[in-house]
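Colleague: The chain contents come next:
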Amino acid sequence: MDNLLGLWFESGIYQMATGQAGMILICMGLLFLAIRKGFEPLLLVPIGFGGVLANIPGAGLAFSAAENAILAGDVQFLADVTQLLGAEIGSTAKELVKMYDGADYAIRHQISEMAYAADHHNGMLYSFYSVAIASGIAPLLIFMGVGAMTDFGPLLANPKTLFLGAAAQFGIFATVIGAVALSAFGLMDFSIADAAAIGIIGGADGPTAIYVASKLSPDLLGAIAVAAYSYMALVPLIQPPIMKALTNEAERQIVMTQLRPVTKREKILFPLVLLVLVALVLPSAAPLLGMFCLGNLMRECGVVDRLSDTAQNALINIVTIFLGLSVGSKLEADKFLDPKTLGILILGIVAFGIGTACGVLMAKFMNAVSKQKINPLIGSAGVSAVPMAARVSNKVGLEANGQNFLLMHAMGPNVAGVIGSAVAAGVMISIVQGMLAG
Amino acid sequence: MDNLLGLWFESGIYQMATGQAGMILICMGLLFLAIRKGFEPLLLVPIGFGGVLANIPGAGLAFSAAENAILAGDVQFLADVTQLLGAEIGSTAKELVKMYDGADYAIRHQISEMAYAADHHNGMLYSFYSVAIASGIAPLLIFMGVGAMTDFGPLLANPKTLFLGAAAQFGIFATVIGAVALSAFGLMDFSIADAAAIGIIGGADGPTAIYVASKLSPDLLGAIAVAAYSYMALVPLIQPPIMKALTNEAERQIVMTQLRPVTKREKILFPLVLLVLVALVLPSAAPLLGMFCLGNLMRECGVVDRLSDTAQNALINIVTIFLGLSVGSKLEADKFLDPKTLGILILGIVAFGIGTACGVLMAKFMNAVSKQKINPLIGSAGVSAVPMAARVSNKVGLEANGQNFLLMHAMGPNVAGVIGSAVAAGVMISIVQGMLAG
Amino acid sequence: MDNLLGLWFESGIYQMATGQAGMILICMGLLFLAIRKGFEPLLLVPIGFGGVLANIPGAGLAFSAAENAILAGDVQFLADVTQLLGAEIGSTAKELVKMYDGADYAIRHQISEMAYAADHHNGMLYSFYSVAIASGIAPLLIFMGVGAMTDFGPLLANPKTLFLGAAAQFGIFATVIGAVALSAFGLMDFSIADAAAIGIIGGADGPTAIYVASKLSPDLLGAIAVAAYSYMALVPLIQPPIMKALTNEAERQIVMTQLRPVTKREKILFPLVLLVLVALVLPSAAPLLGMFCLGNLMRECGVVDRLSDTAQNALINIVTIFLGLSVGSKLEADKFLDPKTLGILILGIVAFGIGTACGVLMAKFMNAVSKQKINPLIGSAGVSAVPMAARVSNKVGLEANGQNFLLMHAMGPNVAGVIGSAVAAGVMISIVQGMLAG
Amino acid sequence: MQPSILEQGFDLMLFGMGTVFVFLTLLVFATRIMSWAVNRFFPEPEPIMAASPAQPSPGSTAAVDPKVLAVIQEAIHQHRAKHMP
Amino acid sequence: MQPSILEQGFDLMLFGMGTVFVFLTLLVFATRIMSWAVNRFFPEPEPIMAASPAQPSPGSTAAVDPKVLAVIQEAIHQHRAKHMP
Amino acid sequence: MQPSILEQGFDLMLFGMGTVFVFLTLLVFATRIMSWAVNRFFPEPEPIMAASPAQPSPGSTAAVDPKVLAVIQEAIHQHRAKHMP
Ligand code: NA
Ligand code: NA
Ligand code: NA
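Which chain is which? The protein sequence lines are A, B, C, D, E and F, in order. Here my numbering is used: position 260 in the first sequence is 260, and no number is missing along the way. To convert, count from 1 in the second sequence and add 1000; that's my numbering. To convert, count from 1 in the third sequence and add 2000; that's my numbering. To convert, count from 1 in the fourth sequence and add 3000; that's my numbering. To convert, count from 1 in the fifth sequence and add 4000; that's my numbering. To convert, count from 1 in the sixth sequence and add 5000; that's my numbering.
Calculated directly from the structure, the hints in this document are not laboratory data. Some hints could be false.
Label-pair distances were calculated between CB atoms; the ranges are [what the hints assert, rightly or not]:
id, chain 1, residue 1, chain 2, residue 2, range
1, B, Val1075, A, Glu88, 30 to 38 angstroms
2, C, Asn2401, B, Pro1236, 55 to 63 angstroms
3, B, His1109, A, Asp101, 21 to 29 angstroms
4, C, Gln2258, F, Pro5043, 33 to 41 angstroms
Calculated lysine-lysine pairs in the DSS-like style (CA-CA distance at most 27 angstroms, straight line) [to be verified]:
id, chain 1, residue 1, chain 2, residue 2
5, A, Lys37, A, Lys264
6, C, Lys2395, C, Lys2244
7, B, Lys1160, B, Lys1373
8, B, Lys1264, A, Lys37
9, C, Lys2264, B, Lys1037
10, A, Lys264, C, Lys2037
11, C, Lys2364, C, Lys2395
12, C, Lys2037, C, Lys2395
Don't be surprised by glycine CBs; every beta carbon is placed ideally from N, CA and C.
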């Protein structure tokens, strides 16, 4: 009979809180968008599924051993933890978990050891998160794979499109200002680290966003990743109105000169030039851009095709599954159902819009100061969202002139945007960590 | 000269105990069965090979750093360990290792640190076991791959075959009773956790058996995994006599109506329905069934085929190699050569037999209460052992009626059996951990 | 303004030391050799790239959390570390790092915990090194893949070519003598462990060299791996003069009898025979030769082709990327730019030369005592460097007699050399660890 | 009082087997409801035969002579036979 | 005095956006110099069109009737379409 | 007394090289015995040439016109050349 009662107390229906039920519905919605609407399914299917798993009541898949031990509610254990954390006597398990998450490394370490000793275990998704994201490894490996899939030919044929990729990053920093303003006016409670992590949504680059969020604001990682991938999928809806509002018909009809041929040697040397520049100027961007350059070098050098092939296929697929599930672990109800999430979603779309606009405006500015005209529609591709944004440039261009194929021209700013947001990521991590320490 | 003596003392011939020699022969037998007789070679080749490696005397590949340090026999270290474990002075190294294995987490942690400090290392197979099995990750990833290989079409066309999959799980629980009875009558010394882990052999599902054994009874894992995979390979010998004994010629000739077409949408929704049911009713089965559903969703949703492909190929292959070697580490002589192993082998085959019988009987019962007749031969497929058991149903059916192809009909209960044993695994882990804590 | 200054102090140009700049140039040279000259590109591309990353000033990618914390230079932290290490007050960060690297496990552990608590992290390459090489796993997995790619047919057809593989290992041990002689005469400061690790370059086998160096002399690993792979690529230049100098025209024209057919069963049994011999005679070689035999068994047994396929492709490619980057982490300037590196490069080429010569001389000796003549040119293939050395034998043979194809005959000693150096590796690790403990 | 191991075993069997049956019964109902709802409210134009182990992908409307394609698939199949027994 | 969060945000924007522009400007120059140097001192015999997404591998000088090859590539392509959307 | 590093080196050479030779000599004998036993007691019907680098898999008895198969294999080979140099 005890067993029967035990099973009932353990069952999900008994334990299910409204928050968890709501999160499961939200995650089902993400799965629907991914599967039926084609929203970045490679990431959103594992993320959504991981989110459901994270919210299964009583399973504790997204919790560490320490959190699971606290939630299990053994009286002696809770008393010890209350004392270690310096919490008020009689604090609830949820309050203790929150204090534990914010505690010093040494205290967390001690409580962890106690939890292991009491035979509690890290949840499956928590383990995936530790190995894949907290270590930084998964986003870096995905970035290596992306590097191995990237053709810098169009960029090398027309290097000044790098400026378009630079301008579009203003979306990132404008959003930082937006986030701190919300804080300053007391509407939200974002720290400077939170603001930086939210801003990176404007980079329109999934692995970069996850990497930055994991370093600066892991609690917001779930909402940031969901926002980044969702808006990347929505680029064909978000960008065209902005692009059309900022250009006139004549500008949209500009025909660009055909790109010059690029030699194999330039393609081999480009990742090395980029790497040296990172080494000289911006060491904090070395992990992200280093792995990206390694992937691209493996692709272009022509002598390690089997490594490049694995980086683009088996390895990136394996890592994607774990990355998605790990991100899903941050969709746990207590972390996600927070007014901050709403703020992140709003700021994220603003970031995309500003980035798009700045890319287009920069193109117009370059036309004003240079003889060789560029079609300002390719400026919007500078937000990255490879290759979706470039395809949008091409489509809007074809609407204005049915013979004007901009796809290849837009690939230049598109991959420049990847470099640009990786640079922004590096500099933000470096500055914010300095601010927090200083 | 010292070196020469040292090498001789280190050589395997000098150190080889009868047990280790015997285990190497047994493992060679497993390799023979796998390679020559086709017994589940994907698992039994790495398991058998790992078993040989684990029994190489003096190599310590299956031991932790602490065990290796104790066996190395430094006088001061042994004295310290003897004191920490509270062992009698003069205990042999083997006795100390046994006490160490049974000691509390805190003491084991302390001795481990001492061993690392004294420059001892975890053996290769021990490391594999820690990462692949003790963490639970390898069986879960294999289950994800199995999910990505599973077609629920036949089950969806005829959902009531789920009852056959349920009935066949009685093999699991009957075996639990058998194991505790052996204990109660003093013939063997199985705890309730051991009994549950042995029972799961009746689930006829390798990764499930390994997952449960790793959680409840890691010392018996080697024997349980070997029994599970061996009997799965023997399904074509074990099942037909039971199936024929419980059915008459007329029953075996029952022709089933063709399965209705199943739409893609039903196939996409089924893993989600199953997942929600797990979340509501049985959180303890969430890791196993969650990963299984994820694999199946990736297969069916049609938008992440590259992830599904990797889950079915590169990833499952890599994990299989490590899983097999890790299981092999538990074929170490001191752990495997034990009367318990004999008990496990006997109980295992009994479990298969009872499961088969219950599946067939359930089919006959369903025929007695329902109009739509089912051929009772497909009941035996409810033990899982996918797809071997379904093929056996088909073969025995063809013997009775050369035109009656049961394969597709048997695939329904066959995959139902996978779900059934995962449910049984979840509930057993949950109940037994409650009993041990309570 | 503070931020601007901070970024400048953080920039690579400000921090770059001559050593790091030099190492980046050297690594670019490695990349040039790999990409343009085809020097073992699968390894040297990731190694060279990893070397550049390791020398990015201020990024700390190759450092542990403790080293990064010391180099970060927080005053209180440095004071604590100085005291813990028993260093002189006022020691520089570099001196403290050096002392830390040489300190006891317990003190290193304590400083590590302090560094984590102060929010410092292991560099990316350091993490890769810990997981891939310090654990021994990456070289072992590569060896498994190599086993799965190796055809022992030619060796089985003519087992006495194993003697050629044995003789060529004299290059290893002669180099050990060379290294200790340099030490004894005060020219270099190699320990016996260093000498053994350097000697293994003569094994002409990348993963074996990395495995031994990681166990015996991790600080020299970078130089040893670079030397091993570079000289393997140079085999077509190094070997022919030695081969021609030690043979006359008549010997080089010896036509060998065609190899007998080898049955599948012999090929399946050979890795098991080798494994049993390792178990009986040389447990210390069990990890290397065990994984090698497992790979070969998976290849030959014919029932686990999907595992063998993965071991030869996805798995070995993934591991190669991490192995290369990890080796690159040891090309950090302070470790690589040392007179020892020059010694290693010189000793390495001597090892290759002596190994080649001994192989050829052994073949001539066997001709002197046996009736069945062998072409001494296949002796040089005993150094391994599979399949390059066998191709060199074939090429030099064709120069002497355009109809005499030696390739298949040379594959026997070639794969024998792999076994030979793995045996040498096992015995060296075992003897040296005995010497260090004794 | 600590229950005997036999009692524990029977408890485990009772609650375990009960849960398995309850769960799979719920799954039967949930599956039936799901299938009914899908076919009632969201029917697909072309249902796929349950018996077919692999569905043709939507992109495979042959632009290639089916015979040649068959030859190639046979070749790929034979090639694979080595790798996936 | 600890700067306000708004000040921190503006600092971040200023130095961040500045760094992005400086870095990418340096990259424009470095790329131009590299391209110029390559084409000036180490020209390749046959340049590859930037527009071509995939370069033909050096080994693919067809020893097979191009039509058959096209058929096969179509088949491989269709086969892949399932696996890499 | 701690032996000098030179003594240690010579010890290492002596015992190391000795072990290598002893081990490989044992392996020669063990291999010969194994081969003899296999061919004496368990002979295979059709021996496989040692020289052939890849064995035809048992399943490849051509049901396809060998010429077409050759064309396809050439195509696959060329396709692979890019990926596995
Ligand atoms: Na971007
Ligand atoms: Na089952
Ligand atoms: Na060798």
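Colleague: Indicate, hint by hint, whether the structure satisfies it.
Modeller: So, going through the hints one by one against the coordinates:
1. In this structure, B:Val1075 and A:Glu88 break the distance hint of 30 to 38 angstroms, their C-beta atoms being roughly 52 angstroms apart.
2. About 58 angstroms separates the C-beta atoms of C:Asn2401 and B:Pro1236, a value consistent with the hinted range of 55 to 63 angstroms.
3. Evaluation of the 21 to 29 angstroms hint for B:His1109 and A:Asp101 yields a pass: the beta carbon distance comes to about 24 angstroms.
4. At about 20 angstroms, the CB distance of C:Gln2258 to F:Pro5043 disagrees with the hint of 33 to 41 angstroms.
5. About 38 angstroms separates the Cα atoms of A:Lys37 and A:Lys264, which puts this hinted pair outside 27 angstroms; it is violated.
6. Under the criterion of a C-alpha separation no larger than 27 angstroms, the hint pairing C:Lys2395 with C:Lys2244 is consistent with the structure, at around 12 angstroms.
7. Only pairs whose Cα atoms come within 27 angstroms are accepted, and B:Lys1160 paired with B:Lys1373 is accepted, the gap being roughly 12 angstroms.
8. Between B:Lys1264 and A:Lys37, the direct Cα distance comes to roughly 16 angstroms. Compliance with the 27 angstroms bound is thereby established for this hinted pair.
9. For the given pair, C:Lys2264 sits about 16 angstroms from B:Lys1037 by alpha-carbon distance, which is consistent with the 27 angstroms threshold.
10. Distance check on the hinted pair: A:Lys264 and C:Lys2037 sit about 16 angstroms apart at the alpha-carbon level, within 27 angstroms; holds.
11. Our distance criterion of 27 angstroms between C-alpha atoms is met by C:Lys2364 and C:Lys2395, whose separation comes to about 19 angstroms.
12. For the proposed pair C:Lys2037 and C:Lys2395, the alpha carbon gap of about 19 angstroms is at most 27 angstroms, so the pair holds.
When each numbered hint is compared with the structure, violations occur for hints 1, 4, 5.
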